[in-house]
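Trainee: Which chain is which? The protein sequence lines are A and B, in order.
Under numbering that gives the first Met the number 0, the residue at position 91 of the first sequence is numbered 90, and the numbers go up by one with no gaps.
Under numbering that gives the first Met the number 0, the residue at position 99 of the second sequence is numbered 98, and the numbers go up by one with no gaps.
Please note: incorrect hints may appear among the correct ones.
For lysine to any residue, the following SDA-like pairs were computed, each having C-alpha atoms within a straight-line distance of at most 20 Å [claimed, not checked]:
| # | chain 1 | residue 1 | chain 2 | residue 2 |
| --- | --- | --- | --- | --- |
| 1 | A | 97 | A | 51 |
| 2 | A | 71 | B | 25 |
| 3 | A | 118 | B | 25 |
Quick list of simulated restraints, FRET-style, between CB atoms [claimed, not checked]:
| # | chain 1 | residue 1 | chain 2 | residue 2 | range |
| --- | --- | --- | --- | --- | --- |
| 4 | A | 95 | B | 101 | 46 to 54 Å |
| 5 | A | 58 | B | 62 | 19 to 27 Å |
| 6 | A | 33 | B | 153 | 43 to 51 Å |
| 7 | A | 133 | B | 62 | 53 to 61 Å |
| 8 | A | 71 | B | 53 | 28 to 36 Å |
| 9 | A | 168 | B | 57 | 35 to 43 Å |
Covered by chain A, per the in silico footprint, the following chain B stretches (three or more residues, Cβ under 8 Å) [what the hints assert, rightly or not]:
| # | segment |
| --- | --- |
| 10 | 47 to 56 |
| 11 | 150 to 161 |
In case anyone wonders, no lab produced these hints; they're calculated from the structure.
From the three backbone atoms N, C-alpha and C, an ideal C-beta is built for every residue, glycine too.
Number of protein chains: 2
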Amino acid sequence: MVNYPIKKSSTNTVRSSASNRGMDLEAAINQTNDYYISNDIAFIYKKPIPIQVVKVDYLKRSAAKISEAYYKVPSTTDYNGIYKGRYIDFEAKETNSKTSFPMKNIHEHQVSHLRNIVKHGGIGFIIVHFSKLGKTFLLDEQFVSEYYDRKESGRKSITLDEFVEHGHEIKEGYVKRLDYLKVIDQVYTL
Amino acid sequence: MVNYPIKKSSTNTVRSSASNRGMDLEAAINQTNDYYISNDIAFIYKKPIPIQVVKVDYLKRSAAKISEAYYKVPSTTDYNGIYKGRYIDFEAKETNSKTSFPMKNIHEHQVSHLRNIVKHGGIGFIIVHFSKLGKTFLLDEQFVSEYYDRKESGRKSITLDEFVEHGHEIKEGYVKRLDYLKVIDQVYTL
Numbered sequence: 000m001v002n003y004p005i006k007k008s009s010t011n012t013v014r015s016s017a018s019n020r021g022m023d024l025e026a027a028i029n030q031t032n033d034y035y036i037s038n039d040i041a042f043i044y045k046k047p048i049p050i051q052v053v054k055v056d057y058l059k060r061s062a063a064k065i066s067e068a069y070y071k072v073p074s075t076t077d078y079n080g081i082y083k084g085r086y087i088d089f090e091a092k093e094t095n096s097k098t099s100f101p102m103k104n105i106h107e108h109q110v111s112h113l114r115n116i117v118k119h120g121g122i123g124f125i126i127v128h129f130s131k132l133g134k135t136f137l138l139d140e141q142f143v144s145e146y147y148d149r150k151e152s153g154r155k156s157i158t159l160d161e162f163v164e165h166g167h168e169i170k171e172g173y174v175k176r177l178d179y180l181k182v183i184d185q186v187y188t189l
Numbered sequence: 000m001v002n003y004p005i006k007k008s009s010t011n012t013v014r015s016s017a018s019n020r021g022m023d024l025e026a027a028i029n030q031t032n033d034y035y036i037s038n039d040i041a042f043i044y045k046k047p048i049p050i051q052v053v054k055v056d057y058l059k060r061s062a063a064k065i066s067e068a069y070y071k072v073p074s075t076t077d078y079n080g081i082y083k084g085r086y087i088d089f090e091a092k093e094t095n096s097k098t099s100f101p102m103k104n105i106h107e108h109q110v111s112h113l114r115n116i117v118k119h120g121g122i123g124f125i126i127v128h129f130s131k132l133g134k135t136f137l138l139d140e141q142f143v144s145e146y147y148d149r150k151e152s153g154r155k156s157i158t159l160d161e162f163v164e165h166g167h168e169i170k171e172g173y174v175k176r177l178d179y180l181k182v183i184d185q186v187y188t189l
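Make the full structure from the sequences, and use the hints.
Mentor: Set out below in structure tokens:
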């Protein structure tokens, strides 16, 4: 059972205006995916949050009401799908830090999941949004793995400089809020 | 909001022994996927059931208790993942009928999702378990689409004969409960 922050569990997300520049990362990615789907470009979806249902009330015929349930630890990453015949898999995270992305924001099994995906021919990466900087980067699994492994012996985060050097900035747009497939087109052999 | 049968919403599934021969399709597929994952063969997972969370109680620090939530209609299919570099996507269903699989068991958007997947280079299919016959078939999206389309003007189900003719039986095993990738190897160009 996991204690998710309120943001994840409430249906209507209210963001604090002080700590970001107006972009809700999840909403931006979902909107972008909707654009890809509507325009027959790619079929990438956010997986539902896994919930352990304990008790269901059948008060009315129309809707079963879940009256006791708990959040579970996700086994994989948040997003996956297909683009130009390739399997796409990624995790998306925000950070309030202006200098680095703390590794504790990613589960170990999510890193090994990304490794497995890439080993088997898929494209795996993370998208990290520095909310106070208004910058968003895509970082390939290769670097995520490398930086993840060093946390036992050294730095426990990925620095902004490392994102700048090895990642790819995704510029925010209007029609395509976060056009990460543009990066995929430029960086990966499809 | 969807009213799922009790089987889907309870955590410990108790199956009626009269209506099946001992195979819980979802459990069999999950066990098979676990085998594929443990043996580094394929990374295919069941997506969590989408749930709309309305109310969360923070009684203890350790676990947030969801006290009001409802089932949502899934936007896609139940299972997806990667095998030998290919994107795999399918829906799994059981039927008590001995003669045909009723089309009402599949949502229209699930059929169009499978079409999109195949159009973009993925492998899409359904797995149907005839519980009273103890038989399980894999049927490619091509036939699912064809049979789905005729439901407006003709038959509203896929007959057992059609599964025998155009589908591929998946034999139940012990180590690999339902080795559907064996069919994929035989039938699809990987």
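Trainee: A separate judgement is required for each hint: does it hold in the structure or not?
Mentor: Quick rundown of the hints versus the structure:
1. Straight-line distance between C-alpha atoms of residue 97 of chain A and residue 51 of chain A comes to about 35 Å, which puts the hinted pair past the 20 Å bound.
2. For the proposed pair residue 71 of chain A and residue 25 of chain B, the alpha carbon gap of about 19 Å is at most 20 Å, so the pair holds.
3. At roughly 27 Å between alpha-carbon atoms, residue 118 of chain A and residue 25 of chain B are farther apart than 20 Å, so this suggested pair is violated.
4. Judged by the Cβ atoms, the range 46 to 54 Å given for residue 95 of chain A and residue 101 of chain B holds: they are separated by roughly 51 Å.
5. Checked against the hint of 19 to 27 Å, the pair residue 58 of chain A and residue 62 of chain B passes, with Cβ atoms roughly 25 Å apart.
6. In this structure the hint that residue 33 of chain A and residue 153 of chain B lie 43 to 51 Å apart at CB is violated, the actual value being about 34 Å.
7. At roughly 34 Å, the beta carbons of residue 133 of chain A and residue 62 of chain B sit outside the given window of 53 to 61 Å.
8. For residue 71 of chain A and residue 53 of chain B, the Cβ-Cβ distance of about 18 Å falls outside the hinted range of 28 to 36 Å, so the restraint is violated.
9. Checked against the hint of 35 to 43 Å, the C-beta distance between residue 168 of chain A and residue 57 of chain B comes to roughly 37 Å, which is consistent with it.
10. Coverage of the segment 47 to 56 of chain B by chain A holds. Counting CB-CB distances below 8 Å, 8 residues qualify, and the rule asks for three or more.
11. Counting residues of the segment 150 to 161 of chain B whose beta carbon lies closer than 8 Å to any beta carbon of chain A gives 0, which falls below the threshold of three, so the coverage claim is violated.
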